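S.K.: Here's the letter readout for the chains.
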Amino acid sequence: MSANANVLNSALGLPPLAKSAERMTDILWLLLVVGVGLGGLFAFKDRMDVYEVSILVGSVSALAAVGWYWRGIRGLSIAVAVLTAIALWRYGVHFGDQLSVGREALAAAQEKDFFLKFLVSSQSAIMWMSALYVGAAFTYFLALFTRTEYIGKIASVLVWSATAFGLAGLFARWRESYLINVDYGHIPVSNLYEVFILFSVVTALIYLFYEGRFKTRALGGFVMLVISAAIGFLLWYTFDRGANVIQPLVPALNSYWMKIHVPANFVGYGSFAIAAMIGVAYLIKLKMGGDGERDLLPKLEIMDDLMYKSIALGFGFFTVATILGAMWAAEAWGGYWSWDPKETWALIVWLNYAAWLHLRLTKGWRGAPMAWWSVIGLFVTSFAFLGVNMFLSGLHSYGTL
Amino acid sequence: MPPSTTPSLAPSSGARGRSLLAFLGSMNLAITLLVAVALASVVGTVLQQNQPYGDYLMKFGPYWFEVFRALDLYDVYSAPWFLAIFTLLVVSTSACVIRNAPSMLREMFTYRSRVGENEIRSMREHVEWPHLPMSVEAAAIEGRRVLMDEGFTFKETRVKEGYMFSARKGSLQRLGYIFTHVAIVVICIGGMLDSRIWLSYQEFVGKLTVETRSVPLSQVPEESKIAATNPGFRGNVNVPEGSKTSVLFLNVRDGYVVQNLPFDIEVKDFRIEHYINGMPKSYESDLVVTDPKHPHDPVKATIAVNKPLIYNGYAIYQASFGDGGSRLKLSSWQLAGGTAGTSQPVEGAVFQDIPFTVGDVKYTLELNDFRMFNINPVPDEHGKMQEKNFGPSVVFRMRDTTGQAREYENYMMPVVMEGRPVFISGMRDQVGGVMRFLYIPADRDNSMATFMDFYHRLHDANLIDQAVQSMLAEVNPEAAKLPAASEAIRAMVEKFVRGGYDAMGADLEARVPKDQLERAFETSARVLQTVLSRMYVTMMNERGVKDVGGEKDERFLADSVAAINALVFYGAPIYLQMTGFEQIQASGLQITKSPGKNVVYLGSVLLILGVFMLFYIHPRRAWLLVRESDRGARVLFATTSHRKTLDMARAAQLMHAAMVAKFGVEPMKLSH
Ligand code: HEM
Numbered sequence: 001m002s003a004n005a006n007v008l009n010s011a012l013g014l015p016p017l018a019k020s021a022e023r024m025t026d027i028l029w030l031l032l033v034v035g036v037g038l039g040g041l042f043a044f045k046d047r048m049d050v051y052e053v054s055i056l057v058g059s060v061s062a063l064a065a066v067g068w069y070w071r072g073i074r075g076l077s078i079a080v081a082v083l084t085a086i087a088l089w090r091y092g093v094h095f096g097d098q099l100s101v102g103r104e105a106l107a108a109a110q111e112k113d114f115f116l117k118f119l120v121s122s123q124s125a126i127m128w129m130s131a132l133y134v135g136a137a138f139t140y141f142l143a144l145f146t147r148t149e150y151i152g153k154i155a156s157v158l159v160w161s162a163t164a165f166g167l168a169g170l171f172a173r174w175r176e177s178y179l180i181n182v183d184y185g186h187i188p189v190s191n192l193y194e195v196f197i198l199f200s201v202v203t204a205l206i207y208l209f210y211e212g213r214f215k216t217r218a219l220g221g222f223v224m225l226v227i228s229a230a231i232g233f234l235l236w237y238t239f240d241r242g243a244n245v246i247q248p249l250v251p252a253l254n255s256y257w258m259k260i261h262v263p264a265n266f267v268g269y270g271s272f273a274i275a276a277m278i279g280v281a282y283l284i285k286l287k288m289g290g291d292g293e294r295d296l297l298p299k300l301e302i303m304d305d306l307m308y309k310s311i312a313l314g315f316g317f318f319t320v321a322t323i324l325g326a327m328w329a330a331e332a333w334g335g336y337w338s339w340d341p342k343e344t345w346a347l348i349v350w351l352n353y354a355a356w357l358h359l360r361l362t363k364g365w366r367g368a369p370m371a372w373w374s375v376i377g378l379f380v381t382s383f384a385f386l387g388v389n390m391f392l393s394g395l396h397s398y399g400t401l
Numbered sequence: 001m002p003p004s005t006t007p008s009l010a011p012s013s014g015a016r017g018r019s020l021l022a023f024l025g026s027m028n029l030a031i032t033l034l035v036a037v038a039l040a041s042v043v044g045t046v047l048q049q050n051q052p053y054g055d056y057l058m059k060f061g062p063y064w065f066e067v068f069r070a071l072d073l074y075d076v077y078s079a080p081w082f083l084a085i086f087t088l089l090v091v092s093t094s095a096c097v098i099r100n101a102p103s104m105l106r107e108m109f110t111y112r113s114r115v116g117e118n119e120i121r122s123m124r125e126h127v128e129w130p131h132l133p134m135s136v137e138a139a140a141i142e143g144r145r146v147l148m149d150e151g152f153t154f155k156e157t158r159v160k161e162g163y164m165f166s167a168r169k170g171s172l173q174r175l176g177y178i179f180t181h182v183a184i185v186v187i188c189i190g191g192m193l194d195s196r197i198w199l200s201y202q203e204f205v206g207k208l209t210v211e212t213r214s215v216p217l218s219q220v221p222e223e224s225k226i227a228a229t230n231p232g233f234r235g236n237v238n239v240p241e242g243s244k245t246s247v248l249f250l251n252v253r254d255g256y257v258v259q260n261l262p263f264d265i266e267v268k269d270f271r272i273e274h275y276i277n278g279m280p281k282s283y284e285s286d287l288v289v290t291d292p293k294h295p296h297d298p299v300k301a302t303i304a305v306n307k308p309l310i311y312n313g314y315a316i317y318q319a320s321f322g323d324g325g326s327r328l329k330l331s332s333w334q335l336a337g338g339t340a341g342t343s344q345p346v347e348g349a350v351f352q353d354i355p356f357t358v359g360d361v362k363y364t365l366e367l368n369d370f371r372m373f374n375i376n377p378v379p380d381e382h383g384k385m386q387e388k389n390f391g392p393s394v395v396f397r398m399r400d401t402t403g404q405a406r407e408y409e410n411y412m413m414p415v416v417m418e419g420r421p422v423f424i425s426g427m428r429d430q431v432g433g434v435m436r437f438l439y440i441p442a443d444r445d446n447s448m449a450t451f452m453d454f455y456h457r458l459h460d461a462n463l464i465d466q467a468v469q470s471m472l473a474e475v476n477p478e479a480a481k482l483p484a485a486s487e488a489i490r491a492m493v494e495k496f497v498r499g500g501y502d503a504m505g506a507d508l509e510a511r512v513p514k515d516q517l518e519r520a521f522e523t524s525a526r527v528l529q530t531v532l533s534r535m536y537v538t539m540m541n542e543r544g545v546k547d548v549g550g551e552k553d554e555r556f557l558a559d560s561v562a563a564i565n566a567l568v569f570y571g572a573p574i575y576l577q578m579t580g581f582e583q584i585q586a587s588g589l590q591i592t593k594s595p596g597k598n599v600v601y602l603g604s605v606l607l608i609l610g611v612f613m614l615f616y617i618h619p620r621r622a623w624l625l626v627r628e629s630d631r632g633a634r635v636l637f638a639t640t641s642h643r644k645t646l647d648m649a650r651a652a653q654l655m656h657a658a659m660v661a662k663f664g665v666e667p668m669k670l671s672h
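Top line first, the protein sequences correspond to chains A and B. First residue of the first sequence: 1, per the numbering used here; consecutive thereafter. First residue of the second sequence: 1, per the numbering used here; consecutive thereafter.
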């Protein structure tokens, strides 16, 4: 048994098996997650259909498993749970068990309640997230140039906190959508505003995983740059277009498929974004003379390997997401494939990375050309993500600008 | 060692077939094709596909329209050239699997036990203990344990003076390769089953002609119809509430063909539910599906977006909605001649063509659509955009005998714009062109009557004359006596009524020197204003309104003058005002029969399994050779993978360390 766990750990590149005290906390973690999951299941089982139950069971199992191997997730989950609980508690204090209260009452409560106003309403949590991610970008670069381990640690803490706020903000928003109007209630992955938050959080999580696994913070600044760009867009979208206002779902999006298709897509987008930023770091290092004695950045070989790992992870999830999308399309539009621009661009992105993987794995290409390609890949991906909505018209009713 | 780069030996018999296979299954071709399909796919996303050909013609002009058509750019994804590269990719993938799979499968189940000592020593990740102070048996047991702990399976062979363990793990990764690539072929075959290849073939051999006219179903010829036995299709049909259909339309390029169904579908009711903010919440239809073979056993179901009905392998989806022939009551206001400003009632239904004559000119009124709700963004008093419901509207075209038509959309009720209620009519003279709007001010009763009365009076020369006379009598009694003066003013007013400010300006330009033009125009406009104002006051008095002249009246007059000026560009002999309606909706159904769907899903499951196996199973082989040496045991160990990654190197190091721990001795040579 322990031998098997070690095999798994080494396959995942994690430290060998924990000592018994740590094993205790592992088990506590499992009990906690499963307990909370079952609690939720029994508390809300009358309000959920079979798909929602399976999505809940799936998410809880995934969380339990991920947290088992990656301890960082545990603290994060608890922080998110606490922040979300505060939000729910404050809404509970104001509204009792009313299901919905309308926009005005919600806004009034958010205005006069200290916790909601400054911490845990979705809007303030998202602002915290934004500030912390951008702060983390600066801090990582500061740590890089001053070669200070301690500052790097601060940067990591900033990213973890930002992620906690982002996730808590999404959960709070979920609740708020019901508070505005029961009819409006939906999981917040339904428009560009919401998925930009999702993108930031997912990208940060994948990055944090690599940071822990490869024990280097040198790439943090680069990854936080993409996230900061997403934050920039998010803020513009909030203040210029009022996109943060919660709107009801259009009929086409009212489906349980959305809950799994969209998040799977963002694991793909996030990984591709990370690969591109590692590509940037790689090219910069190469330009400055490659590997040397007192390097700021990781060895070229390591970055190259990380780039591959990111793209492989992204490719896997993107494959899943595209197939889920096809299954959803079969149910909403009547055909699993319609050559709608969004679908077609998903295929283009997929083929592009398939070509990349073949070149690397079977022709053994490495280095600068692959780094360039992964940077260009981000432009292709961004077009599929954003450009299609902005410039092309089609069946995807999702977030026009 | 990537299998595809391994040159295939044995050029003897069937060498040509094999070299074709080698070409088709080559990595270079594969990568080229992957990129080629990606690039080709871009085309169809940039150019909107399968639009009416008229739109393309308008957009590109006749020359490029033909060029693009010859390249099949309006339906790229069914174009022969596109299908050809796509097919080539599938063929190439199949060739690749055929070439690689047999050896991979064989390799999955074998241990490479015939590897010699020197071969092991030549591997990158190898280590050697030339003198271990333990027996051969003990060393073998310890070494074996490391292999087991790492999850290897192995084969143990006796060799001279010792043991050889040839080990492997993660062999399933090869299966990942096979799954992934077979999946691609499977998915494409499934997709082909659902494609229109059969239909294109029928068209190619002349058994099917695409109908491009829009004619009633009864007039569609037999050679544009497809039997219900067609194995797979995807098409649309609009069914008005209370009606039935047993056919479907498959859009093909700029036309369609009719697909017969083995059952009929009646739409009992179509509903749109709205959220409280007016956004649509759901679209639903109540259907009754009846198989003629079992007429007394109909299936009743309610479908909605994301909730189709699956009936005998046919899937029936809520795809869209539209008008089903709503009955409309209209007033037709004349816009020209002595009858301008008077109206007659007209009755009709959406999709009906109504011929009419104005003067001697014949027109056809084509009623195209009725819309119950029109949510549009309008600036509120703070200038912020707010969604606002403009209420019902009718969409129609007016076609003259030359076939020229303009499209109009008229709102039934006045909409408050900048604080004043106005009737809105949108007009465009080209399909897909920009709508321009005419605003006709509504009166105190929210009706058009006052404006139309005014407009009517402006076509009456006597009434204009009276106003001009009374004005002249007041401001310039001398001029009032000159017939030429009043004549000229009346002519000017008539110019304006028939041709707007433009006509007035053109007239002045012809008569007045350039340097005085601006002043002349200003003066004329002022005179015009005075005459119109007088006529307005007279009219209002006659309509029983006494205290005319407040700000409301000024605005109404100014809006009326603006509307009259705009009417010049309106391009229609009548203004059509909707006065009543009985809405009949149509549900837009999409019906598919998709024999390839399960094949595609099977391929998808294979693909997901395959991709994750390829990425996350780390294939490795290892060899452990334990032999006698003069002072105990001699151990040689190496591990390798066809996947050379950093993880692989790290895993090798970990194993070396594990062996050191077991043997208690550092190896002689570490190879990194
Ligand atoms: C639509 C077409 C194709 C797709 C989507 C596709 C996809 C993939 C993927 C995702 C991988 C995994 C990369 C990895 O191991 O990390 C792979 C590997 C591979 N593919 Fe393809 N492939 C396609 C066509 C082809 C063709 C035509 C060939 C023939 C030359 C080919 C040969 C290979 C080989 C040899 C590997 C490496 C297997 C290994 O290293 O274990 N592929 N392919």
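Treat the hints with caution; some may be incorrect.
Claimed, not checked - Okay, derived cross-link-like pairs now, DMTMM-like style, lysine to aspartate or glutamate, Cα gap no bigger than 20 Å in a straight line:
no.: 1; chain 1: B; residue 1: K362; chain 2: B; residue 2: E407
no.: 2; chain 1: B; residue 1: K552; chain 2: B; residue 2: E407
no.: 3; chain 1: B; residue 1: K268; chain 2: B; residue 2: D291
no.: 4; chain 1: B; residue 1: K307; chain 2: A; residue 2: E293
no.: 5; chain 1: B; residue 1: K268; chain 2: B; residue 2: D297
no.: 6; chain 1: A; residue 1: K299; chain 2: B; residue 2: E273
no.: 7; chain 1: B; residue 1: K207; chain 2: B; residue 2: E223
no.: 8; chain 1: B; residue 1: K155; chain 2: B; residue 2: E119
no.: 9; chain 1: A; residue 1: K215; chain 2: A; residue 2: E149
no.: 10; chain 1: A; residue 1: K215; chain 2: B; residue 2: E223
no.: 11; chain 1: A; residue 1: K215; chain 2: A; residue 2: E331
no.: 12; chain 1: B; residue 1: K481; chain 2: B; residue 2: D502
no.: 13; chain 1: B; residue 1: K268; chain 2: B; residue 2: D254
no.: 14; chain 1: B; residue 1: K59; chain 2: B; residue 2: E284
no.: 15; chain 1: B; residue 1: K644; chain 2: A; residue 2: E111
no.: 16; chain 1: B; residue 1: K207; chain 2: B; residue 2: E284
no.: 17; chain 1: B; residue 1: K307; chain 2: B; residue 2: D254
no.: 18; chain 1: B; residue 1: K307; chain 2: A; residue 2: E149
no.: 19; chain 1: B; residue 1: K384; chain 2: A; residue 2: E104
no.: 20; chain 1: B; residue 1: K384; chain 2: A; residue 2: D240
no.: 21; chain 1: B; residue 1: K244; chain 2: B; residue 2: E266
no.: 22; chain 1: B; residue 1: K329; chain 2: B; residue 2: E273
no.: 23; chain 1: A; residue 1: K342; chain 2: B; residue 2: D75
no.: 24; chain 1: B; residue 1: K268; chain 2: B; residue 2: E582
no.: 25; chain 1: B; residue 1: K495; chain 2: B; residue 2: D445
no.: 26; chain 1: B; residue 1: K662; chain 2: B; residue 2: D254
no.: 27; chain 1: B; residue 1: K307; chain 2: A; residue 2: D183
no.: 28; chain 1: B; residue 1: K281; chain 2: A; residue 2: E331
no.: 29; chain 1: A; residue 1: K215; chain 2: A; residue 2: E301
no.: 30; chain 1: B; residue 1: K644; chain 2: B; residue 2: D297
no.: 31; chain 1: B; residue 1: K546; chain 2: B; residue 2: D445
no.: 32; chain 1: B; residue 1: K388; chain 2: B; residue 2: E273
no.: 33; chain 1: B; residue 1: K644; chain 2: A; residue 2: D305
no.: 34; chain 1: B; residue 1: K514; chain 2: B; residue 2: E494
no.: 35; chain 1: B; residue 1: K281; chain 2: A; residue 2: D183
no.: 36; chain 1: A; residue 1: K259; chain 2: A; residue 2: E104
no.: 37; chain 1: B; residue 1: K307; chain 2: A; residue 2: E52
Hints listed in this document are in silico derivations from the structure and should not be mistaken for laboratory results. None of these values were measured; they are calculated from a predicted model.
S.K.: For a quick check of understanding: which of the numbered hints are violated here, in increasing order?
M.R.: Numbers 2, 4, 6, 10, 11, 12, 13, 14, 15, 16, 17, 18, 22, 25, 26, 30, 34, 36 - these are the hints that the structure violates, sorted from lowest upward.
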